[in-house]
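*Asks:* Sequence:
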Amino acid sequence: MALRHFGLGVESMEEASNRIVRYVYENFCTKPTGEKSCALVRLFKTHPYEDLEVELAEYARSMLGDYPPLPAMKCMTALATVGEKTEWNSRHTSVGHKAIPLASESVVDQLPMISQLIRQLGLDIKTVINPDPNLLVEIEQRKYNVFYVPEAIGSPYIPAQDSFVIPFGIKSVLGFGGLLPSGNMFAIIMFLKVQIPISTVQMFSTLALNVKTALLPFDRGAVFAQKDESATASRQIFTRNTEQELAQLKSQVATLRQLLDVFDQSILVQSDRLEQAIEELADSAQKLDSLNQRLKEDNLRMGAELDIVRQMQQMILPNAEELEIEGLDIAGYMEAADEVGGDYYDVLNTDGVVTLGIGDVTGHGLESGILMLMAQTAVRTLKEIPEVDPVRFLDVINRTLYKNVQRMNSEKSLTLAILNYSQGRISISGQHEEVLVVRNGGQLERIDTMDLGFPIALDDDIVKFINHISIELHTGDGVVLYTDGIPEAKDINKVQYGVEKLCEVISENWHKSATEIKEAIIGDLRRHIGKQKVFDDITLLVLKRQSDASDAHR
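Quick note on this note's numbering: the sequence shown kicks off at 24 and runs consecutively.
These aren't lab readings, by the way, just hints derived from the structure by calculation. No experiment lies behind these values; they were computed from the predicted model shown. From the three backbone atoms N, C-alpha and C, an ideal C-beta is built for every residue, glycine too. Just to be clear, a hint being listed does not mean it is correct.
[Said to hold, decoys possible] In silico DSS-like cross-links for lysine-lysine, where the CA-CA straight-line distance does not exceed 30 angstroms:
#1 K513 - K426
#2 K108 - K194
#3 K216 - K194
#4 K513 - K524
#5 K524 - K541
#6 K556 - K517
#7 K524 - K556
#8 K517 - K541
#9 K54 - K194
[Stated by the list, open to error] Simulated restraints, written as ranges between beta carbons of each label pair:
#10 G553 - A300: 41 to 49 angstroms
#11 P94 - S129: 19 to 27 angstroms
#12 S313 - E527: 50 to 58 angstroms
Work out the full structure, taking the sequences as your base and the hints as a guide.
*Replies:* Dropping the structure here:
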(Lines of atoms letter the chains of each structure in order from A; the text may use other names.)
(Lines give C-alpha, C1' and ligand atoms only; values in the text may rest on other atoms or scores of the structure.)
Protein backbone atom coordinates (compact mmCIF):
# COMPACT_ATOMS: atom_id res chain seq x y z
CA MET A 24 0.00 0.00 0.00
CA ALA A 25 2.85 2.36 0.81
CA LEU A 26 4.54 1.59 -2.50
CA ARG A 27 1.37 2.33 -4.50
CA HIS A 28 1.09 5.84 -3.01
CA PHE A 29 4.66 6.96 -3.69
CA GLY A 30 3.57 8.28 -7.09
CA LEU A 31 1.36 10.90 -5.44
CA GLY A 32 2.60 14.43 -4.81
CA VAL A 33 5.72 14.16 -6.98
CA GLU A 34 6.44 15.47 -10.47
CA SER A 35 8.64 12.79 -12.01
CA MET A 36 9.25 9.06 -12.13
CA GLU A 37 12.70 9.65 -10.64
CA GLU A 38 11.23 11.29 -7.53
CA ALA A 39 8.74 8.43 -7.08
CA SER A 40 11.54 5.92 -7.62
CA ASN A 41 13.74 7.56 -4.98
CA ARG A 42 10.90 7.36 -2.47
CA ILE A 43 10.35 3.68 -3.33
CA VAL A 44 13.97 2.54 -2.97
CA ARG A 45 14.42 4.60 0.21
CA TYR A 46 11.33 2.94 1.72
CA VAL A 47 12.59 -0.54 0.81
CA TYR A 48 16.07 0.20 2.19
CA GLU A 49 14.80 1.65 5.48
CA ASN A 50 12.06 -0.90 6.20
CA PHE A 51 13.67 -4.25 5.48
CA CYS A 52 15.61 -4.81 8.70
CA THR A 53 16.90 -7.61 10.87
CA LYS A 54 14.95 -8.00 14.11
CA PRO A 55 15.54 -7.25 16.94
CA THR A 56 18.73 -5.26 16.20
CA GLY A 57 17.15 -3.04 13.56
CA GLU A 58 20.20 -3.49 11.31
CA LYS A 59 19.35 -2.87 7.66
CA SER A 60 19.17 -6.04 5.58
CA CYS A 61 20.16 -4.35 2.31
CA ALA A 62 23.60 -2.99 1.48
CA LEU A 63 22.27 -1.44 -1.73
CA VAL A 64 18.87 -0.99 -3.41
CA ARG A 65 18.47 0.31 -6.98
CA LEU A 66 15.58 0.92 -9.35
CA PHE A 67 16.35 0.55 -13.06
CA LYS A 68 14.22 1.45 -16.07
CA THR A 69 14.89 0.91 -19.72
CA HIS A 70 14.96 4.18 -21.64
CA PRO A 71 15.46 5.06 -25.33
CA TYR A 72 18.92 6.46 -25.99
CA GLU A 73 17.48 9.57 -27.70
CA ASP A 74 15.55 10.54 -24.53
CA LEU A 75 18.49 10.24 -22.12
CA GLU A 76 19.95 13.24 -20.34
CA VAL A 77 23.28 14.44 -21.73
CA GLU A 78 25.22 12.91 -18.79
CA LEU A 79 23.57 9.52 -19.20
CA ALA A 80 23.85 9.58 -23.00
CA GLU A 81 27.60 10.19 -22.77
CA TYR A 82 27.95 7.36 -20.26
CA ALA A 83 26.02 4.95 -22.51
CA ARG A 84 28.02 6.01 -25.59
CA SER A 85 31.30 5.40 -23.71
CA MET A 86 30.22 1.84 -23.00
CA LEU A 87 29.45 1.16 -26.68
CA GLY A 88 32.99 1.87 -27.87
CA ASP A 89 32.98 1.92 -31.68
CA TYR A 90 29.39 0.69 -31.85
CA PRO A 91 27.16 3.56 -33.14
CA PRO A 92 24.29 4.46 -30.76
CA LEU A 93 20.86 4.25 -32.37
CA PRO A 94 18.15 6.73 -31.20
CA ALA A 95 15.67 3.95 -30.26
CA MET A 96 18.29 1.76 -28.54
CA LYS A 97 17.12 0.78 -25.05
CA CYS A 98 19.40 1.60 -22.13
CA MET A 99 19.05 0.07 -18.67
CA THR A 100 19.12 3.30 -16.66
CA ALA A 101 19.63 3.67 -12.90
CA LEU A 102 16.70 5.89 -11.94
CA ALA A 103 17.14 5.69 -8.14
CA THR A 104 19.74 4.29 -5.74
CA VAL A 105 20.30 4.12 -1.97
CA GLY A 106 22.88 2.23 0.08
CA GLU A 107 25.55 2.13 2.75
CA LYS A 108 28.14 4.29 0.96
CA THR A 109 27.55 8.01 0.39
CA GLU A 110 28.10 7.80 -3.37
CA TRP A 111 25.43 5.08 -3.60
CA ASN A 112 22.71 7.53 -2.55
CA SER A 113 22.48 9.49 -5.80
CA ARG A 114 22.45 8.31 -9.40
CA HIS A 115 24.65 11.28 -10.26
CA THR A 116 27.49 10.20 -7.91
CA SER A 117 27.20 6.49 -8.59
CA VAL A 118 30.25 5.30 -10.53
CA GLY A 119 28.86 2.32 -12.42
CA HIS A 120 25.64 1.09 -14.02
CA LYS A 121 24.28 4.59 -14.79
CA ALA A 122 23.01 3.72 -18.26
CA ILE A 123 23.79 0.31 -19.74
CA PRO A 124 23.11 0.13 -23.49
CA LEU A 125 21.12 -2.93 -24.59
CA ALA A 126 22.30 -2.71 -28.17
CA SER A 127 21.36 -6.24 -29.23
CA GLU A 128 20.44 -9.68 -27.90
CA SER A 129 24.07 -10.79 -28.15
CA VAL A 130 25.20 -7.73 -26.16
CA VAL A 131 22.63 -8.42 -23.43
CA ASP A 132 23.73 -12.06 -23.27
CA GLN A 133 27.18 -10.78 -22.33
CA LEU A 134 25.66 -9.01 -19.29
CA PRO A 135 24.95 -11.97 -16.95
CA MET A 136 22.95 -10.17 -14.26
CA ILE A 137 20.75 -8.20 -16.68
CA SER A 138 20.08 -11.17 -18.99
CA GLN A 139 19.21 -13.38 -16.01
CA LEU A 140 17.04 -10.62 -14.52
CA ILE A 141 15.01 -10.31 -17.72
CA ARG A 142 14.51 -14.06 -18.04
CA GLN A 143 13.57 -14.64 -14.40
CA LEU A 144 10.98 -11.85 -14.57
CA GLY A 145 9.21 -13.89 -17.22
CA LEU A 146 10.25 -11.76 -20.19
CA ASP A 147 12.53 -12.40 -23.14
CA ILE A 148 15.43 -10.21 -24.18
CA LYS A 149 13.95 -9.47 -27.61
CA THR A 150 10.77 -8.06 -26.05
CA VAL A 151 12.76 -5.78 -23.74
CA ILE A 152 15.10 -4.30 -26.36
CA ASN A 153 12.50 -4.12 -29.17
CA PRO A 154 8.92 -4.55 -27.85
CA ASP A 155 6.28 -5.55 -30.40
CA PRO A 156 3.33 -3.07 -30.16
CA ASN A 157 0.89 -5.82 -31.17
CA LEU A 158 1.91 -7.99 -28.21
CA LEU A 159 2.72 -5.21 -25.75
CA VAL A 160 -0.69 -5.02 -24.02
CA GLU A 161 -0.78 -8.76 -23.41
CA ILE A 162 2.81 -8.92 -22.15
CA GLU A 163 2.54 -5.78 -20.05
CA GLN A 164 -0.48 -7.11 -18.14
CA ARG A 165 1.22 -10.31 -16.99
CA LYS A 166 2.01 -11.05 -13.40
CA TYR A 167 5.78 -11.30 -13.30
CA ASN A 168 8.15 -13.54 -11.44
CA VAL A 169 11.08 -12.66 -9.18
CA PHE A 170 14.81 -12.43 -9.91
CA TYR A 171 16.57 -14.45 -7.22
CA VAL A 172 20.18 -15.41 -6.55
CA PRO A 173 20.26 -17.33 -3.24
CA GLU A 174 24.07 -17.44 -2.97
CA ALA A 175 25.61 -14.18 -4.20
CA ILE A 176 29.22 -15.15 -3.47
CA GLY A 177 30.61 -17.05 -6.43
CA SER A 178 27.49 -16.54 -8.58
CA PRO A 179 28.21 -15.87 -12.28
CA TYR A 180 25.14 -13.60 -12.35
CA ILE A 181 26.44 -11.11 -9.79
CA PRO A 182 29.44 -9.04 -10.95
CA ALA A 183 32.08 -7.22 -8.89
CA GLN A 184 32.68 -10.16 -6.57
CA ASP A 185 36.01 -8.89 -5.16
CA SER A 186 35.12 -5.19 -5.01
CA PHE A 187 31.49 -5.41 -3.86
CA VAL A 188 29.96 -8.80 -3.07
CA ILE A 189 32.66 -10.12 -0.71
CA PRO A 190 33.71 -6.86 1.05
CA PHE A 191 30.11 -5.85 1.78
CA GLY A 192 28.93 -9.31 2.81
CA ILE A 193 26.30 -9.73 0.08
CA LYS A 194 24.58 -13.07 0.65
CA SER A 195 21.50 -12.98 -1.60
CA VAL A 196 20.23 -10.81 -4.45
CA LEU A 197 16.54 -10.27 -5.09
CA GLY A 198 14.78 -8.32 -7.82
CA PHE A 199 11.20 -7.69 -8.98
CA GLY A 200 9.61 -5.66 -11.75
CA GLY A 201 7.84 -5.81 -15.09
CA LEU A 202 6.82 -3.86 -18.19
CA LEU A 203 5.16 -0.43 -18.39
CA PRO A 204 2.59 0.43 -21.12
CA SER A 205 5.35 2.24 -23.06
CA GLY A 206 7.19 -1.07 -23.42
CA ASN A 207 9.93 0.01 -21.01
CA MET A 208 10.94 -2.43 -18.30
CA PHE A 209 11.42 -1.45 -14.66
CA ALA A 210 13.11 -3.47 -11.93
CA ILE A 211 14.12 -3.04 -8.31
CA ILE A 212 17.24 -4.96 -7.31
CA MET A 213 18.06 -5.56 -3.62
CA PHE A 214 21.59 -6.60 -2.63
CA LEU A 215 21.03 -8.27 0.73
CA LYS A 216 23.34 -9.01 3.67
CA VAL A 217 21.05 -11.81 4.85
CA GLN A 218 20.18 -15.19 3.37
CA ILE A 219 16.70 -15.12 1.82
CA PRO A 220 14.72 -18.41 1.60
CA ILE A 221 12.62 -19.18 -1.46
CA SER A 222 9.39 -18.98 0.59
CA THR A 223 10.13 -15.31 1.30
CA VAL A 224 11.19 -14.58 -2.28
CA GLN A 225 7.83 -15.68 -3.69
CA MET A 226 6.07 -12.95 -1.68
CA PHE A 227 7.89 -10.21 -3.63
CA SER A 228 6.20 -10.90 -6.98
CA THR A 229 3.10 -8.90 -5.97
CA LEU A 230 5.23 -5.89 -5.02
CA ALA A 231 6.06 -5.37 -8.70
CA LEU A 232 2.40 -4.50 -9.32
CA ASN A 233 2.39 -2.00 -6.47
CA VAL A 234 5.55 -0.30 -7.75
CA LYS A 235 4.10 -0.28 -11.25
CA THR A 236 1.02 1.57 -9.94
CA ALA A 237 3.28 4.31 -8.53
CA LEU A 238 5.29 4.65 -11.77
CA LEU A 239 2.39 4.54 -14.27
CA PRO A 240 1.51 8.29 -14.16
CA PHE A 241 5.00 9.12 -15.44
CA ASP A 242 5.38 6.42 -18.09
CA ARG A 243 4.93 8.82 -20.97
CA GLY A 244 5.57 11.95 -18.96
CA ALA A 245 8.37 13.35 -16.81
CA VAL A 246 10.89 10.62 -16.07
CA PHE A 247 13.91 12.54 -14.76
CA ALA A 248 13.73 15.14 -11.98
CA GLN A 249 14.40 18.66 -13.24
CA LYS A 250 17.12 20.76 -11.63
CA ASP A 251 15.77 24.31 -12.16
CA GLU A 252 12.52 26.24 -12.02
CA SER A 253 12.50 27.09 -15.74
CA ALA A 254 12.47 23.40 -16.54
CA THR A 255 9.61 22.91 -14.10
CA ALA A 256 7.66 25.72 -15.75
CA SER A 257 8.31 24.35 -19.23
CA ARG A 258 7.13 20.92 -18.09
CA GLN A 259 3.73 22.38 -17.23
CA ILE A 260 3.18 23.35 -20.91
CA PHE A 261 2.17 20.19 -22.77
CA THR A 262 -0.21 19.02 -25.46
CA ARG A 263 -3.09 16.94 -24.25
CA ASN A 264 -2.89 13.47 -25.77
CA THR A 265 -6.19 11.72 -25.26
CA GLU A 266 -4.98 8.39 -26.63
CA GLN A 267 -2.03 8.32 -24.25
CA GLU A 268 -4.22 9.20 -21.27
CA LEU A 269 -6.68 6.50 -22.23
CA ALA A 270 -3.90 3.93 -22.60
CA GLN A 271 -2.52 4.92 -19.22
CA LEU A 272 -5.91 4.60 -17.56
CA LYS A 273 -6.42 1.18 -19.13
CA SER A 274 -3.04 0.10 -17.84
CA GLN A 275 -3.90 1.36 -14.37
CA VAL A 276 -7.20 -0.52 -14.41
CA ALA A 277 -5.49 -3.67 -15.64
CA THR A 278 -2.80 -3.39 -12.96
CA LEU A 279 -5.40 -2.89 -10.24
CA ARG A 280 -7.31 -5.92 -11.54
CA GLN A 281 -4.10 -7.90 -11.37
CA LEU A 282 -3.66 -6.80 -7.76
CA LEU A 283 -7.24 -7.83 -6.95
CA ASP A 284 -6.65 -11.20 -8.59
CA VAL A 285 -3.47 -11.61 -6.56
CA PHE A 286 -5.25 -10.64 -3.34
CA ASP A 287 -8.15 -13.00 -4.12
CA GLN A 288 -5.72 -15.81 -4.78
CA SER A 289 -3.81 -14.99 -1.60
CA ILE A 290 -7.06 -15.10 0.40
CA LEU A 291 -7.90 -18.51 -1.07
CA VAL A 292 -4.42 -19.83 -0.31
CA GLN A 293 -4.50 -18.44 3.22
CA SER A 294 -8.01 -19.84 3.73
CA ASP A 295 -6.84 -23.29 2.65
CA ARG A 296 -3.82 -22.99 4.92
CA LEU A 297 -6.01 -21.88 7.81
CA GLU A 298 -8.40 -24.77 7.27
CA GLN A 299 -5.49 -27.18 7.11
CA ALA A 300 -3.97 -25.62 10.25
CA ILE A 301 -7.30 -26.01 12.09
CA GLU A 302 -7.47 -29.67 11.08
CA GLU A 303 -3.86 -30.18 12.19
CA LEU A 304 -4.54 -28.42 15.49
CA ALA A 305 -7.61 -30.59 16.09
CA ASP A 306 -5.55 -33.69 15.34
CA SER A 307 -2.74 -32.40 17.56
CA ALA A 308 -5.20 -31.66 20.36
CA GLN A 309 -6.51 -35.21 20.18
CA LYS A 310 -2.98 -36.58 20.23
CA LEU A 311 -2.12 -34.31 23.17
CA ASP A 312 -5.14 -35.58 25.08
CA SER A 313 -4.01 -39.16 24.50
CA LEU A 314 -0.45 -38.24 25.40
CA ASN A 315 -1.59 -36.46 28.58
CA GLN A 316 -3.57 -39.51 29.59
CA ARG A 317 -0.55 -41.75 29.04
CA LEU A 318 1.64 -39.29 30.93
CA LYS A 319 -0.78 -39.33 33.86
CA GLU A 320 -0.68 -43.11 33.89
CA ASP A 321 3.11 -43.10 33.54
CA ASN A 322 3.43 -40.51 36.32
CA LEU A 323 1.29 -42.63 38.64
CA ARG A 324 3.38 -45.69 37.82
CA MET A 325 6.67 -43.79 38.15
CA GLY A 326 5.47 -42.21 41.38
CA ALA A 327 4.75 -45.65 42.79
CA GLU A 328 8.14 -46.95 41.64
CA LEU A 329 9.94 -43.94 43.10
CA ASP A 330 8.08 -44.35 46.34
CA ILE A 331 9.20 -47.98 46.54
CA VAL A 332 12.86 -47.03 45.96
CA ARG A 333 12.58 -44.16 48.49
CA GLN A 334 11.18 -46.56 51.09
CA MET A 335 13.97 -49.02 50.35
CA GLN A 336 16.55 -46.27 50.88
CA GLN A 337 15.07 -45.36 54.22
CA MET A 338 14.78 -49.00 55.24
CA ILE A 339 18.50 -49.74 54.73
CA LEU A 340 19.73 -46.69 56.66
CA PRO A 341 21.29 -47.67 60.00
CA ASN A 342 18.72 -47.55 62.78
CA ALA A 343 19.25 -46.02 66.22
CA GLU A 344 20.21 -49.33 67.81
CA GLU A 345 22.93 -49.98 65.22
CA LEU A 346 24.48 -46.60 66.06
CA GLU A 347 24.81 -47.53 69.74
CA ILE A 348 28.40 -48.82 69.66
CA GLU A 349 30.51 -49.03 72.80
CA GLY A 350 33.09 -46.26 73.02
CA LEU A 351 31.54 -44.21 70.18
CA ASP A 352 28.82 -41.55 69.91
CA ILE A 353 27.36 -41.56 66.39
CA ALA A 354 24.55 -39.60 64.71
CA GLY A 355 23.48 -39.58 61.04
CA TYR A 356 21.13 -37.53 58.87
CA MET A 357 20.01 -37.77 55.23
CA GLU A 358 17.42 -35.74 53.32
CA ALA A 359 16.80 -36.17 49.58
CA ALA A 360 16.21 -33.16 47.35
CA ASP A 361 13.72 -35.20 45.28
CA GLU A 362 11.69 -38.26 46.12
CA VAL A 363 14.75 -40.45 45.53
CA GLY A 364 18.19 -39.24 46.57
CA GLY A 365 21.65 -40.08 45.32
CA ASP A 366 23.47 -39.73 48.67
CA TYR A 367 24.69 -42.73 50.64
CA TYR A 368 25.86 -43.28 54.19
CA ASP A 369 26.14 -46.35 56.38
CA VAL A 370 27.59 -47.49 59.71
CA LEU A 371 28.58 -51.16 60.02
CA ASN A 372 30.05 -52.88 63.08
CA THR A 373 31.75 -56.18 62.26
CA ASP A 374 34.08 -58.03 64.62
CA GLY A 375 35.10 -54.88 66.49
CA VAL A 376 35.78 -52.83 63.32
CA VAL A 377 33.37 -49.98 62.76
CA THR A 378 33.08 -48.99 59.09
CA LEU A 379 31.66 -45.63 58.04
CA GLY A 380 30.73 -45.20 54.38
CA ILE A 381 29.63 -41.97 52.71
CA GLY A 382 29.05 -41.30 49.03
CA ASP A 383 27.31 -39.08 46.52
CA VAL A 384 25.94 -40.29 43.17
CA THR A 385 25.93 -37.75 40.36
CA GLY A 386 22.48 -36.15 40.16
CA HIS A 387 19.42 -37.51 41.90
CA GLY A 388 16.29 -39.36 40.91
CA LEU A 389 15.60 -43.01 40.13
CA GLU A 390 18.96 -43.94 38.52
CA SER A 391 20.94 -42.25 41.27
CA GLY A 392 18.83 -43.96 43.92
CA ILE A 393 19.39 -47.39 42.34
CA LEU A 394 23.16 -46.84 42.19
CA MET A 395 23.13 -45.75 45.83
CA LEU A 396 21.40 -49.03 46.78
CA MET A 397 24.00 -50.98 44.79
CA ALA A 398 26.81 -49.20 46.62
CA GLN A 399 25.28 -49.98 50.04
CA THR A 400 24.87 -53.65 49.13
CA ALA A 401 28.43 -53.94 47.79
CA VAL A 402 29.93 -52.36 50.93
CA ARG A 403 27.83 -54.57 53.18
CA THR A 404 28.83 -57.70 51.25
CA LEU A 405 32.55 -56.95 51.47
CA LYS A 406 32.27 -56.27 55.20
CA GLU A 407 30.70 -59.66 55.74
CA ILE A 408 33.44 -61.57 53.86
CA PRO A 409 35.36 -59.78 55.49
CA GLU A 410 37.69 -57.77 53.21
CA VAL A 411 40.04 -55.55 55.23
CA ASP A 412 42.49 -54.33 52.58
CA PRO A 413 41.28 -50.85 51.51
CA VAL A 414 42.67 -51.16 47.96
CA ARG A 415 40.97 -54.50 47.25
CA PHE A 416 37.82 -53.24 49.04
CA LEU A 417 37.34 -50.22 46.77
CA ASP A 418 38.57 -52.07 43.67
CA VAL A 419 35.87 -54.76 44.01
CA ILE A 420 33.18 -52.15 44.64
CA ASN A 421 34.26 -50.17 41.59
CA ARG A 422 34.34 -53.15 39.23
CA THR A 423 30.93 -54.35 40.47
CA LEU A 424 29.23 -50.97 40.06
CA TYR A 425 31.02 -50.16 36.79
CA LYS A 426 29.66 -53.30 35.12
CA ASN A 427 26.16 -52.62 36.40
CA VAL A 428 26.26 -49.02 35.17
CA GLN A 429 27.38 -50.23 31.74
CA ARG A 430 24.48 -52.70 31.71
CA MET A 431 22.11 -49.86 32.60
CA ASN A 432 23.56 -47.77 29.74
CA SER A 433 23.96 -44.99 32.27
CA GLU A 434 26.60 -42.32 32.79
CA LYS A 435 26.19 -42.17 36.56
CA SER A 436 29.14 -42.41 38.94
CA LEU A 437 29.71 -41.68 42.61
CA THR A 438 32.30 -40.40 45.03
CA LEU A 439 32.81 -42.80 47.93
CA ALA A 440 34.89 -42.65 51.11
CA ILE A 441 35.33 -45.62 53.48
CA LEU A 442 36.51 -45.08 57.08
CA ASN A 443 37.43 -48.00 59.37
CA TYR A 444 37.69 -47.37 63.11
CA SER A 445 39.32 -49.80 65.57
CA GLN A 446 41.06 -49.36 68.92
CA GLY A 447 41.43 -45.61 68.72
CA ARG A 448 42.63 -45.36 65.11
CA ILE A 449 40.68 -44.55 62.01
CA SER A 450 41.83 -45.24 58.44
CA ILE A 451 40.46 -43.24 55.51
CA SER A 452 40.37 -44.32 51.83
CA GLY A 453 38.40 -43.29 48.75
CA GLN A 454 37.67 -39.96 47.10
CA HIS A 455 34.86 -37.79 48.45
CA GLU A 456 34.45 -34.42 50.19
CA GLU A 457 36.93 -33.43 52.90
CA VAL A 458 36.94 -35.50 56.10
CA LEU A 459 36.75 -33.16 59.10
CA VAL A 460 38.82 -34.53 62.00
CA VAL A 461 37.76 -32.72 65.19
CA ARG A 462 39.92 -32.75 68.29
CA ASN A 463 38.66 -32.54 71.87
CA GLY A 464 38.01 -28.83 72.39
CA GLY A 465 36.81 -28.18 68.86
CA GLN A 466 40.04 -27.77 66.86
CA LEU A 467 39.60 -29.05 63.26
CA GLU A 468 41.82 -30.74 60.71
CA ARG A 469 40.52 -30.83 57.14
CA ILE A 470 41.65 -34.01 55.35
CA ASP A 471 41.59 -33.75 51.54
CA THR A 472 40.58 -37.10 50.01
CA MET A 473 41.40 -36.21 46.39
CA ASP A 474 44.52 -38.41 46.39
CA LEU A 475 42.90 -41.28 48.29
CA GLY A 476 40.77 -42.66 45.47
CA PHE A 477 38.84 -42.12 42.25
CA PRO A 478 35.11 -41.76 41.38
CA ILE A 479 33.41 -45.16 41.50
CA ALA A 480 31.90 -46.65 38.27
CA LEU A 481 33.65 -44.11 36.05
CA ASP A 482 36.43 -46.47 34.92
CA ASP A 483 36.88 -50.23 35.14
CA ASP A 484 40.30 -50.07 36.85
CA ILE A 485 41.08 -47.55 39.60
CA VAL A 486 43.58 -49.58 41.67
CA LYS A 487 46.49 -47.22 40.96
CA PHE A 488 44.50 -44.28 42.36
CA ILE A 489 43.54 -45.85 45.72
CA ASN A 490 45.45 -44.89 48.87
CA HIS A 491 44.68 -44.66 52.57
CA ILE A 492 45.81 -42.77 55.64
CA SER A 493 45.51 -43.59 59.33
CA ILE A 494 44.76 -41.08 62.10
CA GLU A 495 44.66 -41.61 65.86
CA LEU A 496 41.57 -40.46 67.75
CA HIS A 497 41.80 -39.74 71.45
CA THR A 498 38.88 -39.51 73.82
CA GLY A 499 36.71 -36.54 72.78
CA ASP A 500 38.10 -36.57 69.23
CA GLY A 501 35.98 -37.50 66.25
CA VAL A 502 35.16 -37.03 62.57
CA VAL A 503 32.39 -35.33 60.63
CA LEU A 504 31.45 -36.59 57.17
CA TYR A 505 29.13 -34.75 54.75
CA THR A 506 28.02 -34.56 51.12
CA ASP A 507 28.25 -31.46 48.95
CA GLY A 508 24.57 -30.67 49.52
CA ILE A 509 25.63 -28.93 52.76
CA PRO A 510 28.45 -26.54 51.70
CA GLU A 511 26.78 -25.85 48.32
CA ALA A 512 23.34 -25.07 49.77
CA LYS A 513 22.31 -21.53 48.75
CA ASP A 514 20.19 -18.84 50.31
CA ILE A 515 17.71 -16.66 48.42
CA ASN A 516 20.63 -14.48 47.19
CA LYS A 517 22.48 -17.52 45.76
CA VAL A 518 25.16 -17.35 48.51
CA GLN A 519 26.54 -20.79 49.42
CA TYR A 520 26.68 -22.08 52.98
CA GLY A 521 30.35 -23.07 52.62
CA VAL A 522 32.73 -25.47 54.41
CA GLU A 523 34.07 -22.66 56.62
CA LYS A 524 30.63 -22.03 58.10
CA LEU A 525 30.19 -25.78 58.66
CA CYS A 526 33.53 -25.97 60.51
CA GLU A 527 32.59 -22.96 62.66
CA VAL A 528 29.32 -24.56 63.80
CA ILE A 529 31.08 -27.87 64.53
CA SER A 530 33.76 -26.17 66.64
CA GLU A 531 31.23 -24.17 68.63
CA ASN A 532 29.14 -27.26 69.43
CA TRP A 533 31.78 -30.01 69.74
CA HIS A 534 31.37 -30.20 73.50
CA LYS A 535 27.85 -31.54 72.93
CA SER A 536 26.68 -35.04 71.97
CA ALA A 537 26.83 -36.26 68.39
CA THR A 538 23.04 -35.90 68.04
CA GLU A 539 23.14 -32.32 69.37
CA ILE A 540 26.02 -31.46 67.03
CA LYS A 541 24.05 -32.87 64.10
CA GLU A 542 20.96 -30.86 65.07
CA ALA A 543 23.02 -27.67 65.48
CA ILE A 544 24.49 -28.08 61.99
CA ILE A 545 21.14 -28.85 60.31
CA GLY A 546 19.44 -26.01 62.18
CA ASP A 547 22.04 -23.47 61.10
CA LEU A 548 21.89 -24.79 57.54
CA ARG A 549 18.09 -24.39 57.54
CA ARG A 550 18.38 -20.78 58.70
CA HIS A 551 20.83 -20.10 55.85
CA ILE A 552 18.63 -21.70 53.17
CA GLY A 553 15.47 -19.97 54.39
CA LYS A 554 12.69 -20.16 51.80
CA GLN A 555 15.03 -21.10 48.97
CA LYS A 556 14.39 -24.49 47.31
CA VAL A 557 16.77 -27.31 48.27
CA PHE A 558 18.47 -28.43 45.06
CA ASP A 559 20.73 -31.25 46.30
CA ASP A 560 20.62 -34.13 48.76
CA ILE A 561 21.88 -33.35 52.28
CA THR A 562 23.77 -36.03 54.24
CA LEU A 563 25.69 -35.71 57.51
CA LEU A 564 27.50 -38.22 59.75
CA VAL A 565 29.03 -37.33 63.13
CA LEU A 566 31.30 -39.69 65.14
CA LYS A 567 32.86 -38.93 68.54
CA ARG A 568 35.15 -41.22 70.52
CA GLN A 569 34.17 -41.72 74.14
CA SER A 570 36.14 -43.28 77.01
CA ASP A 571 36.00 -47.06 76.84
CA ALA A 572 37.56 -50.15 78.40
CA SER A 573 40.76 -49.79 76.40
CA ASP A 574 41.25 -46.28 77.83
CA ALA A 575 40.83 -47.57 81.40
CA HIS A 576 43.32 -50.36 80.72
CA ARG A 577 45.92 -47.89 79.48
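*Asks:* Are K524 and K556 close enough, with their CA atoms no more than 30 angstroms apart?
*Replies:* 20 angstroms, holds
*Asks:* Checking one constraint from the list: CA of K513 to CA of K426, max 30 angstroms. Satisfied?
*Replies:* 35 angstroms, violated
*Asks:* Starting from K108, check that the Cα of K194 is at most 30 angstroms away, please.
*Replies:* 18 angstroms, holds
*Asks:* For K216 and K194, compute the direct alpha-carbon distance and say whether it is at most 30 angstroms.
*Replies:* Roughly 5 angstroms between the alpha carbons, so the hint for K216 and K194 holds.
*Asks:* Look at the Cβ atoms of S313 and E527 and judge whether their distance stays inside 50 to 58 angstroms.
*Replies:* Because 56 angstroms falls inside the window, the suggested range holds.
*Asks:* Run the distance test for K524 versus K541: straight-line Cα separation, threshold 30 angstroms.
*Replies:* 14 angstroms, holds
*Asks:* Between K54 and K194, does the CA-CA distance stay at or below 30 angstroms?
*Replies:* Cα-Cα ~17 angstroms, so holds.
*Asks:* Do the alpha carbons of K513 and K524 lie within 30 angstroms of each other, as the hint requires?
*Replies:* 13 angstroms, holds
*Asks:* Tell me if the beta carbons of P94 and S129 are separated by a distance inside 19 to 27 angstroms.
*Replies:* About 20 angstroms separates the Cβ atoms of P94 and S129, which means 19 to 27 angstroms holds.
*Asks:* Could you check the hint for me, namely that G553 and A300 are 41 to 49 angstroms apart, CB to CB?
*Replies:* 48 angstroms, holds
*Asks:* Hey, K556 versus K517, does the alpha-carbon distance stay inside 30 angstroms?
*Replies:* Given that 30 angstroms is the threshold and the Cα spacing comes to 11 angstroms, the pair holds.
*Asks:* Does K541 sit within 30 angstroms of K517, going by the straight-line distance between their CA atoms?
*Replies:* The given pair, whose Cα atoms are some 24 angstroms apart, holds under the 30 angstroms limit.
Against the hints set out earlier in the document, a violation occurs for number 1 only.
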